[in-house]
Structure formats: structure tokens, C-alpha cells
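Chemist: If you want the building blocks of each chain, they are given just below.
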Amino acid sequence: KAGVTQTPRYLIKTRGQQVTLSCSPISGHRSVSWYQQTPGQGLQFLFEYFSETQRNKGNFPGRFSGRQFSNSRSEMNVSTLELGDSALYLCASSGGQGGTEAFFGQGTRLTVV
Amino acid sequence: AQSVAQPEDQVNVAEGNPLTVKCTYSVSGNPYLFWYVQYPNRGLQFLLKYITGDNLVKGSYGFEAEFNKSQTSFHLKKPSALVSDSALYFCAVSPPPTGFQKLVFGTGTRLLVSP
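Those sequence lines, one after another, are chains R and U.
Anchor point for the first sequence: position 96 equals 96 in the working numbering, and the numbering is continuous, going up by one each time.
Add 113 to a position in the second sequence, counting from 1, and you land on the number used in the working numbering.
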């Protein structure tokens, strides 16, 4: 069974640009969550989608958004990039109904210059 | 507000010795508790979870953790450490009723196992 796949693995963007990251969950998983990992703030929850609906949201500005498609694949978008957005962005999928833990992808390393 | 504390930034242990990585939590209700491990430039790998039942939970790679409700702790343990266990370990709590989908992580503890 394939794991959680995140693309791209590495990304370099310029301040002010926008970026879209992609996550393909484990087959059969309907919940996809996104996390930001930085040395200063650690691992922080961004948002969670289930059946194409945002079900939980963390404390991030509106520049951070996401969506989920009918096949459970998810994208997150960051607009008007700032230097502080440089981070490892992790996606996790789970069964969504309880009873299964979250499985993480390898992440997308975003560098904003 | 829910929170997780990992009081040690780094734990050093010699190969073959037992190891403990500490975690305490603060959450209302009955939490779900997790341990994850992260190797350099990699995502998080699930080690074990506590949902309900037996306070001693066994997980992957010989790790186990003990849930202590009175002390609100969930310490990670292994009887005999390996050099390959050297990595960054995260304790996480999933505050009810969000289930497994919204994790609150501790700051992480770097485990260094020396040969």
C-alpha cells in the first residue's frame, strides 16, 4: 500500500509569490491534515479536510488555504509569501472516523527568498 | 487550551542501556496520545498510541510508553537503545473530539545513542 505522497519535495519561491503544495493520501483515507514545521515554532496544525470540507483549522492567517478533491487528494496554497513561511510542510492522512492514526508524508521543504 | 510538554531538548544514552523520553500533557477530557519519530529530512513516523485500555502501550521498533493519568504523563521507553534510534522524537495529543485529525505536538526531544 502506497504511503502519503507529497509533491514537490523541494521548492524555492520569492517573497510575494504564491505556492501550491500537493498531497495524495493513503488509499481509502478520507481525512487529510496539514502541518507546518519550523525550528522556532515547531510543528503547528494548519487545517484538516474530510470529504472535501474543512473540518478543523489552526491559527494561521488567511494567506494559508487549502482544499480537498473528491478523490481525497489535497492541496494547500500560500499567497503573498513571506520569508517566515519558509518551513517543512507536512501532510498527514487518516481514516477520519477514529481508530486509525495519522500517517505522514515526507514533506515539502519550502524556501522563500 | 491543550498542550504537550517535552522537558528535555536532548537525551543522551549509551547503546544497550534503557532509554526514557519524557512527555506530559494538559488537555480536558480523555486524550488520545501519540509518539512519532523523525529522521533528518524526513516526515514523521508513527511509533505508538494510547486511546484507552491498558496503560502500557507497545509500539514499533521495541518502543513502549506508559500512560499515567494522575501524573498526566506519557513517557516513551525502550529497554535497550540502538545507535539507529538516534532521531527526533515528538509526543502529541489529539484533543477530543477532534480524533486523530488535529494533533498538538510537543517541541521534540533529540535522542542521541552513542556506540
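Keep in mind that the hints were calculated from the coordinates and are not lab data.
Being a predicted model, the structure only gives us computed values, none of them experimental.
Where a beta carbon is used, it is the ideal one built from N, C-alpha and C, also for glycine.
There may be inaccurate statements among the hints.
Unchecked claim - One side of the interface only, derived from the structure: several residues of chain U facing chain R at Cβ under 7 Å:
id : residue
1  : 120
2  : 214
3  : 218
To be verified - One side only, chain U facing chain R, incomplete, derived with CB under 7 Å:
id : residue
4  : 152
5  : 156
6  : 157
7  : 162
8  : 215
As the list claims (entries may be wrong) - Here are the computed distance ranges between Cβ atoms for each label pair:
id : chain 1 : residue 1 : chain 2 : residue 2 : range
9  : U       : 142       : R       : 69        : 28 to 34 Å
10 : R       : 15        : U       : 153       : 26 to 32 Å
11 : U       : 133       : R       : 54        : 16 to 22 Å
12 : R       : 69        : U       : 177       : 36 to 42 Å
13 : U       : 153       : R       : 54        : 15 to 21 Å
14 : R       : 15        : U       : 125       : 19 to 25 Å
15 : R       : 59        : U       : 165       : 28 to 34 Å
16 : U       : 154       : R       : 62        : 27 to 33 Å
17 : R       : 82        : U       : 154       : 44 to 50 Å
18 : U       : 220       : R       : 86        : 16 to 22 Å
19 : R       : 27        : U       : 155       : 17 to 23 Å
20 : R       : 15        : U       : 177       : 45 to 51 Å
Chemist: Just pull the numbers of the violated hints for me, sorted ascending.
Modeler: Of the numbered hints given earlier, those the structure breaks are 1, 4, 11, 13, 14, 17, listed in rising order.
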